[in-house]
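Let the sequences and hints guide you as you build the complete structure.
Keeping their order, the protein sequence lines are chains A and B.
Position 253, counted from 1, in the first sequence is what the working numbering calls 253; the numbers after and before it change by one each time, with no gaps.
Position 180, counted from 1, in the second sequence is what the working numbering calls 180; the numbers after and before it change by one each time, with no gaps.
If you only want the chain A side, here are some residues facing chain B, beta carbon under 8 Å, derived:
hint, residue
1, 19
2, 85
3, 88
4, 91
5, 121
6, 156
7, 160
8, 162
9, 164
10, 186
11, 213
Quick list of simulated restraints, FRET-style, between CB atoms:
hint, chain 1, residue 1, chain 2, residue 2, range
12, A, 120, B, 34, 20 to 26 Å
13, B, 201, A, 228, 53 to 59 Å
14, B, 59, A, 259, 47 to 53 Å
15, A, 20, B, 225, 18 to 24 Å
16, B, 270, A, 140, 48 to 54 Å
17, B, 206, A, 126, 33 to 39 Å
18, B, 199, A, 256, 54 to 60 Å
19, B, 311, A, 275, 40 to 46 Å
20, B, 233, A, 105, 24 to 30 Å
21, A, 247, B, 199, 42 to 48 Å
22, A, 102, B, 247, 49 to 55 Å
23, A, 171, B, 62, 34 to 40 Å
24, A, 44, B, 199, 50 to 56 Å
25, A, 145, B, 84, 57 to 63 Å
Derived from the structure by calculation, the hints contain no laboratory data.
Using N, Cα and C, we set each Cβ at its ideal position, and we do this for glycine too.
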Amino acid sequence: MERILFGDNQFFAVNHISDEKSRAQSIRFKDDESIIQTLDVARAAGSNTFMCTTHDRIGNICDMMRANPAKYGDYQVFPCMPYAHKYANAVTELGIAGTLKQYVPGNFIGSLFKGGVAYLSKDYLSIMELLIDAEMKMFKGIKTPVIFLQNVVTDLLLGLGMIDILVAFHKYVQKKYDAEAGFITMNMPMLLDKLEAAGIENPIICSSINLAGFRMSGGKEKYEEILRTRKVRAIAMQVLGGGAINPKDAIEYVCGLPNIESILFGASSKGNITQTINYINEFDKKRAS
Amino acid sequence: MIKVALIGAGKMGLSHLSILGAHPDVEVVGVCDTSKMVLDVMDKYTKIQGFTDYEKMIEKAKPDAVFVSVPTKFHHTMVKNLLNKRIHVFAEKPLCLTVEQSEELVQLAAANNCINQVGYHNKFVGTFREVKRIVKGGFLGDIYHFVGEAYGPVVIRKKQDTWRSDPSEGGGCLMDYASHVIDLINDILAPVESSKGSILKPVYSNNVEDAVFSLLELSSKVSGVLSVNWSDDTHRKMSTSITVIGTRGKIISDANELKVFFKDSKVPDGYSKGWNVKYITELTEPVDFYLRGEEYSAQIDYFVKTCQGKVPNTINTFHSAMLTDKAISIIKQSSK
Chain A
1 MERILFGDNQ FFAVNHISDE KSRAQSIRFK DDESIIQTLD VARAAGSNTF
51 MCTTHDRIGN ICDMMRANPA KYGDYQVFPC MPYAHKYANA VTELGIAGTL
101 KQYVPGNFIG SLFKGGVAYL SKDYLSIMEL LIDAEMKMFK GIKTPVIFLQ
151 NVVTDLLLGL GMIDILVAFH KYVQKKYDAE AGFITMNMPM LLDKLEAAGI
201 ENPIICSSIN LAGFRMSGGK EKYEEILRTR KVRAIAMQVL GGGAINPKDA
251 IEYVCGLPNI ESILFGASSK GNITQTINYI NEFDKKRAS
Chain B
1 MIKVALIGAG KMGLSHLSIL GAHPDVEVVG VCDTSKMVLD VMDKYTKIQG
51 FTDYEKMIEK AKPDAVFVSV PTKFHHTMVK NLLNKRIHVF AEKPLCLTVE
101 QSEELVQLAA ANNCINQVGY HNKFVGTFRE VKRIVKGGFL GDIYHFVGEA
151 YGPVVIRKKQ DTWRSDPSEG GGCLMDYASH VIDLINDILA PVESSKGSIL
201 KPVYSNNVED AVFSLLELSS KVSGVLSVNW SDDTHRKMST SITVIGTRGK
251 IISDANELKV FFKDSKVPDG YSKGWNVKYI TELTEPVDFY LRGEEYSAQI
301 DYFVKTCQGK VPNTINTFHS AMLTDKAISI IKQSSK
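Below, the structure is given as structure tokens:
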């Protein structure tokens, strides 16, 4: 994985500290063209990986990339699935069974719900595989070396104790897409323990890691200890605490931690993108020397 | 260890179940649902025992406390049944379809000494807690007006009916969505006493309102406007905000950002005269397990601690939820 991953929250009005900023972003990125232009700014500044949700509009961005292989042939995308709001809204409207019927391709669910047939564990894993395939369709022909499970799903399954499904996700993306599985979580210490116990060694885990200790469930000290002592391929996200931490201090803290393979961040303006990337390069150099 | 069971593994129910599952002081002893598939998945992938009949679950699993996250129309009967068995109850909001039903549950919980809590999670949001602290501290002077708002994309086109579109089951924007804002106003300011006029407006739905607009008066004689619309897809998810205006200042807050203006220097610690902005990042207490917002974990942790006798049962009680049900009925009446 590259050191610097560019995220997509700003494109879809996801702002963790301000509804006003979130509206401004949704106006700013109304057109797909403005998204690709911002990706170009990030590429020029030195980030060649786009980590994004499987939002419908990402499909359009993928079309634009496929149409210009000379420019985007080497560009990497790390898909994060699912785009949870799509399913959450559907569950409100259609219920769990209705949502599966709507989103799982083919007649599989229809036949599953017919009659009093007993379901097998492999049936549920097949549903998961079909859902992954449906989400992955938009990335056909694009390099996707790591595929992530979104935190709301990872953490829901973690709390419910459904670690087998996390393991199945890990195995399936490897088998079908020759990709590594990544897990986004707000509970890194707990997740790492469970994944290790289930036999997944040195997993890719993307979690909040920031100076303020914001959304570092289990405590900042615990995270720091894990980074010092355990085997994990860590990605730090929310490094700026949603914009609440001074960028220089924020980056200095993260770059000073051991064993962080990548830093994920998103920004809208050229100024903020280059400033953050410059800080990362500067503090990385300082640490190396 | 508190033994907890859950009735209704829908969207809220699964969220509760996951947070309960990760809680170190909780043993989840059963889940009851009508969906065979949900129970089957529980059986195959978790250690939680599934039931189709909640009374059988109570009998067999013997929980100390039960979470009730089923459509509102079932709350009264189920909760009453649980309280009669002296089981602590966490119920989803709104508490009941009528004030009479809610009052009965308030009395029964008190008589049987049962811990009682309702899922109005905004009371566990750091920014709204801070708004309450500033208002109750008198820093805004004499409060004379408020605006309570919530907007989001729940019903954004004509679509198939569910229990959320049936008023007799607790559906509609007033009970499902506006109740959150009303509950917040009741808590931060004072209980709603009357409405000077309300509009319940369908936008896409056939049988229920999709928006609620109301002019309210509180028991403290403070006036205010309620404006709630769940057919507004300019918001990615539910966005709740409250504005409070007093003789010495004004506060505007949503779940992420709190902006407050003080006219003079009599301000709380950490604030100054003029505009101040605080973010949730500094106002939220960390939680041990995070699923979808600190408030969802914090309200469950509070309930568990209440059951253990570590904290008093004072936030989101059945009584406060009954006052919210009362306000809902006042708004309904004034719209006729």
